[in-house]
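According to mature numbering (1 follows the signal peptide of the UniProt record, and there is no 0), the residues represented by the sequence shown are -20 to -1, 1 to 388, in order.
In short, the hints are calculated from the structure, not lab data. All residues carry an ideal CB built from backbone N, CA and C; glycine is no exception. Don't take each hint at face value.
[Stated by the list, open to error] Across the chosen pairs, the derived CB separations fall in these ranges:
#1 D327 to T353: 13 to 23 Å
#2 P37 to R372: 38 to 48 Å
#3 V131 to T282: 24 to 34 Å
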Amino acid sequence: MRVLIAALLVSAALCSSASGAPVRALAPAGAGPVIYGNTVWFESGGDVFTEPLWGGPPRTAAAPAGVLAPLSPPLGESSPFAVVDPVQSSDLGVVTLEDGGVWLRRDGRRVEIALPPGADPSVVAVAGGLGVAPVPEGALVVFDLRSGVEVRQVSLGALDPVNLDGLALSPAGDVAASVPVGDGTGALVWAAAGESRVRVIARGERLGRVAVAGRRVAHVTGAGLREGVRVVVVDPAAVHDVGASAATRARGAAAAPATPAAPTPAAPTPAAPAPAAPATPAALSPADRGEILRGPAVYDVTSLSFDGAWLGFSTPSCLYVASASAATLPAGPCARTEIAAEPLRGDAPRLRVACINAPARTCRVRASAGGRTVTRTVRRGQARVLSVPRGRLQVRTVDPDGRVARVL
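Could you put the whole structure together from the sequences, leaning on the hints where they help?
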């Protein structure tokens, strides 16, 4: 039985891990994790478990009910490139993005939810009794789930409303989105409940999923990394001006009305000094960027759950929960080495390996083919092209404690 999780974001008071570990590995790949109150729920090996975030009893098995329940009938067709979860929770019940619409699932039935005109049904986020969706006019429309009536519009300014990389909403109506800006980077934007225009609170490469709770934003970003991504939690109230990207500024300038050219002066006039450019993210300290949690670098992040203090996230190979920043992955049930491996075409078999994260200074990589095996190391944060045996290739990582994980 495939278990689908309806993520439930709730506000919580600030807290710290009783175990003192900033990041905990919960289980190898499965559904979840979902943070709910003082517990984290997740599925692994076909079974559902709950575990306290701090204090309380140890991990226990749980029935797949409540925030973790089977979906009946099964989920219909959904976008293979979804930037929001196709199964979400709301005050009305489970909401699904499937079969070209947005549906409320209750008592084995589904009822279609009315959307703002022009909204893409595959890019809708819900929380509490509200939903939010981008519209082609350049805005995010917050609407009431019960009636479909628009509550407010949040302008994206010159940013593209069509190709979002992430979208999230809090029950109070706070909105966040990650938006490509056309120069290979993206912008994380935010608008508190009641505000009518977004503010850029972060920039970077490979932006992805977002989650909002407690007036904070958790988002996936590749900023500062040559390869891979990490989850960063930002407090918008603490963010200094990160400026707009060159592409965004150019679009804004192009949209402005033209100013008639001034008459040519009789004598050359010294040019006025250019205004100071806004600070770039790299020039700002983590405090100036409003960062309050910075997760370890990983190959990819496939889900987020956030309650304003605790963060749950998953990678293709493991489920984690975090309460503070960490640079390396924790010991536990999962491998701690993260790489990106890509076979290269050519006469001689070669493999490009990027060491994204490791508990030591290097990633240890084992490549096998045709009965031969080679073991190589790649420095953390670097990439290397390796000569490998010819044949059907298998690639594994080897942790310092001997744990082996297949990645290709």
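These are the hints, each one checked on the structure:
no.	hint	verdict
1	D327 to T353: 13 to 23 Å	22 Å, holds
2	P37 to R372: 38 to 48 Å	47 Å, holds
3	V131 to T282: 24 to 34 Å	30 Å, holds
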